[in-house]
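Novice: Following the hints, position chains U, R and L against chain Y.
4 protein chains.
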Amino acid sequence: MSGLLWQKPGVAVDAGIQAFLAGDDVVLDREFFLHDIAASRVHAQGLRQIGILSDDELAGLERELDALADDFRSGAFVLDATFEDGHSAIEARLTRRLGDAGRRIHTGRSRNDQVLVATRLWLKDQLATTRALCVEVAGIALDRARAEADVPLPGYSHLQRAVVSSLGMWWAGWAEAFIDDAVRAGHTRDWLDANPMGSAAGYGVNLPLQRDAATQALGFARLQVSATYAQLSRGKFEIAALEALGSAVGDLRRLAWDLSLFTSTEFGFVTLPARYTTGSSIMPNKRNPDVIELMRATYASVTAARSELEHLLSLPSGYHRDLQLGKGALVHGFGKGLQALSLLPDLLRHLDWDQVRMRAALEPSMYATDLAVDMARDGVPFRDAYRQAADPARWAQGDPAASLAARSSPGAAGDLRLDVLHTRLDALQAAAVDG
Amino acid sequence: MSGLLWQKPGVAVDAGIQAFLAGDDVVLDREFFLHDIAASRVHAQGLRQIGILSDDELAGLERELDALADDFRSGAFVLDATFEDGHSAIEARLTRRLGDAGRRIHTGRSRNDQVLVATRLWLKDQLATTRALCVEVAGIALDRARAEADVPLPGYSHLQRAVVSSLGMWWAGWAEAFIDDAVRAGHTRDWLDANPMGSAAGYGVNLPLQRDAATQALGFARLQVSATYAQLSRGKFEIAALEALGSAVGDLRRLAWDLSLFTSTEFGFVTLPARYTTGSSIMPNKRNPDVIELMRATYASVTAARSELEHLLSLPSGYHRDLQLGKGALVHGFGKGLQALSLLPDLLRHLDWDQVRMRAALEPSMYATDLAVDMARDGVPFRDAYRQAADPARWAQGDPAASLAARSSPGAAGDLRLDVLHTRLDALQAAAVDG
Amino acid sequence: MSGLLWQKPGVAVDAGIQAFLAGDDVVLDREFFLHDIAASRVHAQGLRQIGILSDDELAGLERELDALADDFRSGAFVLDATFEDGHSAIEARLTRRLGDAGRRIHTGRSRNDQVLVATRLWLKDQLATTRALCVEVAGIALDRARAEADVPLPGYSHLQRAVVSSLGMWWAGWAEAFIDDAVRAGHTRDWLDANPMGSAAGYGVNLPLQRDAATQALGFARLQVSATYAQLSRGKFEIAALEALGSAVGDLRRLAWDLSLFTSTEFGFVTLPARYTTGSSIMPNKRNPDVIELMRATYASVTAARSELEHLLSLPSGYHRDLQLGKGALVHGFGKGLQALSLLPDLLRHLDWDQVRMRAALEPSMYATDLAVDMARDGVPFRDAYRQAADPARWAQGDPAASLAARSSPGAAGDLRLDVLHTRLDALQAAAVDG
Amino acid sequence: MSGLLWQKPGVAVDAGIQAFLAGDDVVLDREFFLHDIAASRVHAQGLRQIGILSDDELAGLERELDALADDFRSGAFVLDATFEDGHSAIEARLTRRLGDAGRRIHTGRSRNDQVLVATRLWLKDQLATTRALCVEVAGIALDRARAEADVPLPGYSHLQRAVVSSLGMWWAGWAEAFIDDAVRAGHTRDWLDANPMGSAAGYGVNLPLQRDAATQALGFARLQVSATYAQLSRGKFEIAALEALGSAVGDLRRLAWDLSLFTSTEFGFVTLPARYTTGSSIMPNKRNPDVIELMRATYASVTAARSELEHLLSLPSGYHRDLQLGKGALVHGFGKGLQALSLLPDLLRHLDWDQVRMRAALEPSMYATDLAVDMARDGVPFRDAYRQAADPARWAQGDPAASLAARSSPGAAGDLRLDVLHTRLDALQAAAVDG
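Protein chains in written order, with the numbering used here: chain Y, 132 to 566; chain U, 132 to 566; chain R, 132 to 566; chain L, 132 to 566.
So here's chain Y without its partners, still in its complex pose (with noise of 0.2 Å):
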């Protein structure tokens, strides 16, 4: 590793500590690295405006930020555990490429304002990113809703057969799913979208950092004002973004669970493109759906992560070294979540139903309810409706249009409003947030 920023004459270094306290962090540190490089250019912007740096530093130090970011995605500059941290990194070439103006980019600023403001614009591109997966996968939810409204399909509840149920409602419910995982995600991103850098350690800095102009060069909507806040919500702000990133993935974790029951032979309404498929190493006869059991695992590791950051703030304020672990954590969470989210739309789109299957499901037993409720509205009073609609020898063979022509309740098949749906959904899409 090269020379420590912060080390100190004669005191030895321990390469087995040294590997302990940097773990993975550097490699963790590409995920943010861009991030850092842009909130560096914006520091330096400021420091040039409180005649730190000069016109010239200022130039040369954001034509070697953009080098270095361009390096960095071509692959000619690799962070790797050469590097402390990709902090140090960025310092250390600015430095080795302009001398002074390299060693004047970090005044008033600490490693944590780096790791604050990368992980906070991180954050936003990754909501961002859920909102978007979100209202994709509702709007195709929605559009397969209207095209298959009317198809049938055994409704179930404690895995039991219940009543007729239909695609129409299936998609509307995943639909109307998506369409709230994508508002929280909204909600979420606007929360966290304030500017934390410029609090240095903790507790501000003696200059006039110019943090409102930098908010703004940002991108962020607004200040995060207090420099003690901003180091307290390192970690708070990461699990409200896992949180809003699980409430999406816990619905696919359902999705995924009624998948796998309908691609079940026993189920069999579902058909999966054999591209979701894979095979056994043992059995020829297999094909399985592999897809959408890793989809449904994902949560797993979101809600892994989110507990992993929620353990280490069991802390007093101020910046410890224990919040270095919820990077990890963090890439972790968003990087599995996310690549399950962005393959479910496709999936969607390509469900094909075996619709004799699911009408051959339906049986005697399941017009029960529709009898006992029309009894009532003839005048029977329902618990006694109830009583008598239980008796299987009033059970008989129905007929799934008319059962979910008849269910006018809204929401119901009858009256599926998907108008309501797509309002919401038009909403979303029309203030589409660029992350």
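Some clues are possibly wrong.
Stated by the list, open to error - Sample of chain Y residues lacking proximity to chain L, with all beta carbon distances greater than 12 Å (derived):
| id | residue |
| --- | --- |
| 1 | Q180 |
| 2 | A198 |
| 3 | A259 |
| 4 | A280 |
| 5 | V282 |
| 6 | L349 |
| 7 | G399 |
| 8 | A405 |
| 9 | A492 |
| 10 | R508 |
| 11 | R518 |
| 12 | Q528 |
| 13 | A536 |
Unchecked claim - Footprint (simulated), chain L over chain Y, 3 or more residues, beta carbon under 8 Å:
| id | stretch |
| --- | --- |
| 14 | 443-454 |
| 15 | 465-475 |
The hints are simulated quantities; they were obtained by calculation from the structure and are not laboratory data. Bear in mind the structure is a predicted one, so any value in this text is a computation, not a measurement. All C-beta atoms in this analysis are idealised placements derived from N, C-alpha and C, irrespective of residue type, glycine included.
Specialist: Coordinates of chains U, R and L only, in the frame set by chain Y:
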């Protein structure tokens, strides 16, 4: 237990099994009982609108539901294990008193409907309370930040003395933290402010339920459209609510940690009023800050409740009995969480600082960062200034007031910007929700 | 609340704060009250041995402690919120009845001592019960494995039909699972079977407490030596116990999942006795397997309890009031977990298989693996055999009995080795611990 | 990626989907690769025993497996994303080098078999390492307990000064804690020391696999009998292992908390060697105890890994792809956990106490408990003695040495019973397992 609604002739009921199924459900239903009654009233009004009930029947039901609410509040009616659950208790009472009108009340609804709507109303209340408590805490913190703005306090990172801080910075940090928590509680309340009533067993019903009118009558902001999503949102919304609560209680955890340290003899910065402490049964000398320890511990209850709920939700869509266990978790999490938060305002009002001890903990090294930055402002590249300022020979006892006054970066002691926080807080107070 | 042991003159007690501090502690203490009394009895005997009590005083204390236990069991004494906690309740009663002897009982011990030892005894009981239930479940599974060894059952992976399996294999799997769980519960019980009493406030006391004699009198296997470790083990041992319970309840979760699928109409392999099902309040046709769903859900309660405890323990050594919250978590986890496990033996005894449905689910593809392996035995390299056997043209309906009989790898249907499992189970039964 | 074992003609493979399915699986497989090779060698020997392989084929396979292991160790063979997973990589290499012998190696086994046995062997190693580290830590703690038995240290509860304690008591507490942790790691290793190989896809195979011989050859203590249980134990055993690790890392968390406090200026009891500290990028004065903070934080990683695994297991029996995600969690948890534990022995060896500061923190009130107990020994009922000793007028600076010497309850400073702990430690060392 009195007769089960769904019991069929010839099916024996096993007491041990019923006890397992019932759990403490009926006791937990006390939390939700008044909401269940209120929603039942609106449901009855809807049944009148579609002709299931006569005017007289509705009047009877409204009268008896009001009476039941009164009896419950007064203790004349006790919801206990003689009932399967609160929902059955309502129907049983109405039937006993009104005959057929009681037997009609359940037309077009399920107990899941009742659970959903009562829980939703309850969640809105709890989140309104959470929000209000956070606003109150933030207000106190802001007042004290202004009043004690210039009182020096040692600033720590890694529990090591770092730089001079101030009570102004300490309080302002918590003020902004709880403002954010209040905003989040409000967001979450708005997000879930949707009427689920009318989903029947999750697939709607063959009646033109007047869900829009019910939405308005119950004070919901919008209709939760899809009947299947109403079911899918069970647990999902509860988790979101606990997460919003957890944001505040997580800040409380860190605040309590600060106070736990500050009330130790070693730090000695804070004295608690005696009523916040307890003694030991064996050590005559002890006065222990149990209240702040239990406040700190409360996060465990909130997050455990959330964890219990999320473990229940690895399920296909539709209702499953697993979800019942979520009720206890929810009551546990909000019960403990709000109790802890509700004690916080008064505790904060009465914190008594020992300014002598605080000042005594300020040592020369804590001015080294100021020194380095001063040098940087005077033209020395910061990295060089840093190395020079690392020399203990250069450290000298400084003037805390001067150090704080010079800390001019926005959000630091020299420019706290409390007005910005006040503006946010005022907006929150102006938009106060009624639970 | 009656007088607080540690109350000092002139210190006002705030009712709201006391309510927060007390929580439901005194109610929870009912769980531990008899153990607390038993340990108090032994503590008194120790005080006699070192001369703190006279023979008469000891006799009085023993008599009154026995009477208190009797009164508690009979309901004549109710532990309720008039007491700060169970420990204070014991001392108050003894003092009221015996005067100075009561005032001497707390010599050399703290309430933490009482909590530790009562909880330790309770944990031993709970783990003994856990172990016994696992042994019982394993015994039933083993009996049914033998009785139904040759009944064909479809074998699944990824919820897809894979190969022919058997009830013998299904039951044997659960038998071995619960044998392991029983072993683990026993290990854990042994591991924590150490007497913590005598640590006072965590630093011992200036009395030659007769801890070895107490260890023997209380039936502990060994002394927990270090007074500081006695404190450090609080929470740690509770977590270990919940983890052992979780091992069994985790297996229950998967078993319940199997049954949830198997009782669906689509699978249709199992019928539950009606007493394990409930009905719907709106759908007259439903019989829902609520018992198995709540069994499945119980894992959530056990693991949430564990999570609540572990969140409390991010603390320096020594006692902190945070730990109090662990008591409720512990009672919640074991309460729900053991209730679910205790219903399992009877449920398993009464599972009714539909062999016709099971056999009908065996399809030609499920013999493809047999075919590939047969070819491999005849000399075709397996990877080639696999490709040939993947051709559906080669699949034919096979004879399940023959397939099972040929499955000769140990632990498969052709060589179940139930005797090995029986031997392990017998050893467990022979070494049955008494709680 | 090279050819997929299970790929069928005409089925297109989607790169994005394959990337999702593969995840970082093949990289994670590096952890298990040598164990997979070792188990493959034993599997080949078994195939020879039942005539599937010839002597020559076996010799070739053994030679090539050894060569592959050598190449992997030397870096000549790199397991990377050109392979689907480690299992396929082994078969591909053997087939390329040996032709039909390679194509025969998978006879009678599945990749699940390979995962199970390789993970099981790996878990045994990890637990042996955990145990050994705990033994080492306990040994150091015990040595220092003896060497520093009589050095006074303030004893705290609630972070408040309580009574006089000693380094002897502090060290002895940790010694007994880590002895228990070592015992538990050993128990857990024994508990899961069962050979799963030979379950094929979870239902055995139509070959007389020589599972007993394989059990012996692989060094397992017993056969995991049931093929279905072999599958059911996946995840269950991993969780148990992480829980055993968590027991030790949980103690580390509390120990690190002690050190975090003790190294603060306010406490000032401990100085860390400089190599355990790092500096700040902005504050020239800082030396931060990052190592102990990361040690404390490590518990978060271990428990998050456990949580990730348990969330995956809400499944019916049989294999599901969800389980794959557990591999990363397992490597994460043990990777972080063992790295932290492995640094602990040296850290403990080099803790440097500041006895002057420790002694200075002993204040008169800390002798009040001694006083009350003394009075009780002299005949004053303890509750009266307690009230008298609560009077600060009676408190006086005491002699710490005398207080400690008089603390004669077993496990306290006056009777530490280190010999008992030594006996347990010796037994652990005598029974040292080889990983």
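Novice: Next, verify each hint and record whether it holds.
Specialist: The hints, checked one at a time:
1. At roughly 20 Å from the closest C-beta of chain L, the C-beta of Y/Q180 stays outside 12 Å, upholding its exclusion from the interface.
2. Interface exclusion of Y/A198 from chain L stands, the closest Cβ pair being 23 Å apart, more than 12 Å.
3. Distance check on Y/A259: its Cβ is at least 21 Å (rounded) from any Cβ of chain L, clearing the 12 Å threshold; non-interface status holds.
4. The non-interface label for Y/A280 is consistent with chain L: the shortest C-beta to C-beta separation is roughly 29 Å, beyond 12 Å.
5. A cut-off of 12 Å between C-beta atoms confirms that Y/V282 is not in contact with chain L; the least separation is 27 Å.
6. Every CB of chain L lies more than 12 Å from the CB of Y/L349, the least distance being 20 Å, so the non-interface label holds.
7. Distance check for Y/G399 against chain L: the nearest CB is about 17 Å away, which clears 12 Å, and the non-interface claim stands.
8. Y/A405, annotated as away from the interface, has a beta carbon of chain L within 12 Å; the closest lies near 5 Å.
9. With 12 Å as the threshold on Cβ separation, the claim that Y/A492 sits away from chain L holds: the shortest Cβ distance comes to roughly 20 Å.
10. At roughly 41 Å, the least C-beta separation between Y/R508 and chain L is larger than 12 Å, which holds for a residue marked as non-interface.
11. Under the 12 Å C-beta cut-off, the non-interface status given to Y/R518 relative to chain L holds; the minimum distance is some 35 Å.
12. With 12 Å as the threshold on Cβ separation, the claim that Y/Q528 sits away from chain L holds: the shortest Cβ distance comes to roughly 31 Å.
13. For Y/A536, the condition that its CB be more than 12 Å from all CB atoms of chain L holds, with the nearest at approximately 36 Å.
14. Look at the stretch 443-454 of chain Y against chain L: 5 of its residues bring a Cβ nearer than 8 Å to a Cβ of that chain, three or more, so the hint holds.
15. With 4 residues having a Cβ less than 8 Å from any Cβ of chain L, the stretch 465-475 of chain Y passes the three-residue criterion, so the hint holds.
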